[in-house]
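Student: The residues making up each chain are set out below.
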Amino acid sequence: MTDAASDPPAPGAREAAPPAGPAAATIAPAPALSASSDARLELAGSSQWRDVWRQFRTHRGALLGLFFLLFVTLFCIFGPWLWQVAPNALDVRNKDLRPVYSWLWNGDARASWSHPLGTDQLGRDLLAQLIAGGRVSLAVGWTAMLLAMLIGTLVGVLAGYFRRLDGLLMRFTDLVLALPILPLLLVVMLLFRDPLRAAFGPQTGIFILIVSVIGVTSWMQTARIVRGDVMALKEREFVLAARSIGTPARRMIPRHILPNVLSPIMVSATLGLASAIITESALSFLGLGFPSDFPTWGKLLFDATDRMADFPERVLWPGLAISLTVLSVNYIGDGLRDALDPRIRGR
Amino acid sequence: MLAYTLRRLLMAVPTLLFIAAVIFLLLDLAPGDPMANQPLTIPPEVRAEMRRALGLDEPTHVRFGLWLWQFFVVEPAVLVDHLFGTTLAEGQARILSWQFRSPVMDVIVQRLPQTLWVVGMAYVVGVLIAIPIGILSATRQYSVFDQIGTFVAMVGFSVPTFFTGVLLIMIFSVKLGWFPSIYDTRLRVTDWQSFLQQLRQMAMPVFVLALYNAAQISRYMRASMLDNLGQDYVRTARAKGEPERSVILRHVLRNSMIPVVTVIALGVPAVFGGAIITEQVFKVNGLGQLLITAIQANDLPMVQTLTFMFAVLIVLFNLVADVLYGWLDPRIRYD
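Residue numbers (the working numbering), protein chains in the order written: chain A, 164 to 510; chain B, 17 to 351.
Note that these hints are calculated values from the structure, not bench results.
So the derived label-pair ranges between C-beta atoms look like this:
1. A/Arg-413 x B/Trp-343: 41 to 47 Å
2. A/Ser-275 x B/Pro-129: 49 to 55 Å
3. B/Phe-88 x A/Arg-470: 45 to 51 Å
4. A/Ser-275 x B/Val-190: 21 to 27 Å
5. B/Gln-312 x A/Ser-210: 51 to 57 Å
6. B/Leu-18 x A/Arg-326: 25 to 31 Å
7. A/Thr-236 x B/Phe-167: 22 to 28 Å
Partial chain B-side listing against chain A, Cβ under 8 Å, derived:
8. Ile-35
9. Val-38
10. Leu-42
11. Val-175
12. Pro-176
13. Leu-183
14. Met-186
15. Ile-293
16. Val-319
17. Val-331
Note that beta-carbon positions come from the ideal geometry of N, C-alpha and C, so glycine has one too.
Full structure from sequences and hints, please.
Tutor: Below is the structure:
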């Protein structure tokens, strides 16, 4: 079952880097020309990561994506201090306010600077809700992605390194791949929502559930990629050398194997982050995510669809937040893939 | 090849049994009770009798076995009866939906056409758009066309369908009024007018899904074309003096289609699965929408059967993809 046909190349997996003409030319002289020759020598051989960063910088989309992701993350982390309106505070007098920019085309729109992006039908501030929602969405995305990477790397390394485990683990991976994920997610959400909510409180319970459900169902591609790479690495001379001086597996794996499979793991981590954010908002959109007083971007979008004809901004902002975040994460992944590929990097 | 196919088919049996067990056990844990919506005035003994009639008093493994029997023997027998007028399934209990009080398969057959029309059409459209885009992007790598294609593909699989769908409804139904925002299942295509009506109501869901599918497939197509364009046989073909058009279309395209065809085959189960979210957004009452309402209504037999059907399709098309790969590419040998 684990043959070429069932794991096709990731989109663009083997593409070349963006045109490396002028960009590469400007890189060639080392940035520290004025420094002493020792420093230059050190710089030239300093680290692989510096090279990766240099190549990454030439990918304009990836760079923009990185800036946007940083901006969104910082905005969500520090937003509550900058914009001190509680996301759940009801301001019924000021319900259904339009965003302030609607004054541009409609002089007497109901809007107020106290709620720059407007309020919903209960008077909750949209900006504050977007910040709170972003915190949840990003937290779910990151934790679920980390969980998936952890499981995927573990399974992949074990299957690739220990021949005896290979058949069993890969058969298991194939089984999980054959499960229809979204229907099962919905069923699991339905089943375990109430027990977990009772055990950990409504928010933590659902958070644990969503994160583990997304993590447990999205590690398979990583496991396959890592397994393939580990199997190839095992045949290399440096592994043979390490083994011939008696390195046991528990030292071999963290020292020699893992650092060398880091790049495929990082690339699939970005894809995992993007799909975790999308899955969380899809669950919220289908009404099986977080409880309704607990905003996430998907939930905000879902709640706003009923009245989108009158208040399009309530759909637009959460939707844009999800789409732009996922887009930038995907671009970062694209750039990383090029930057981490040594065949491309040298050019 | 035949031996390989047979071996794979045999191996699919334990896989499917495992998946069936996972689905069944998961749903067996469900807190929902099919009797929950019956009036409280029903005396306990009648309630127990009703549970017995539904077969809920049996132990789990017996119910699992009975469900498998119904799924793999009774329902196909019903189909055969229906096609050939035989009476194989006479008197056999079928899988009943708790929600509709009718056999699950009957409801599925009612819903299948909508899903096939909308989601299937979107898949076909997506593939038809993706292949030329992939070819052009690869042959003119880094051109303006390629850059735009890359960007659109990125956007296509980054923007979730529930946002594109809602956005399209906002623009084309609410503001411009060109397309209806709700899919009308009762519409019968009888003349030109109703055909146009059907096209109009299909336009938006098909566009949303086709964009998503085309984004993915065009990337595979481009990557595969680029792989092949660097091969020696391409240089040979060019050196023979073959025109560029035939180098691309006859030599490179054929070889590049091999992985893409398998990717396309792997995507087919998703068509039957119905795009749960898109169907929900445009109110298409297809299989995806059936599943989500069944989950909300606690209709366990329906959820079990639908989820398992999707799993069967996934396993089947994985097999088809592998066999196709071996058949199209004689360099791949499975034995």
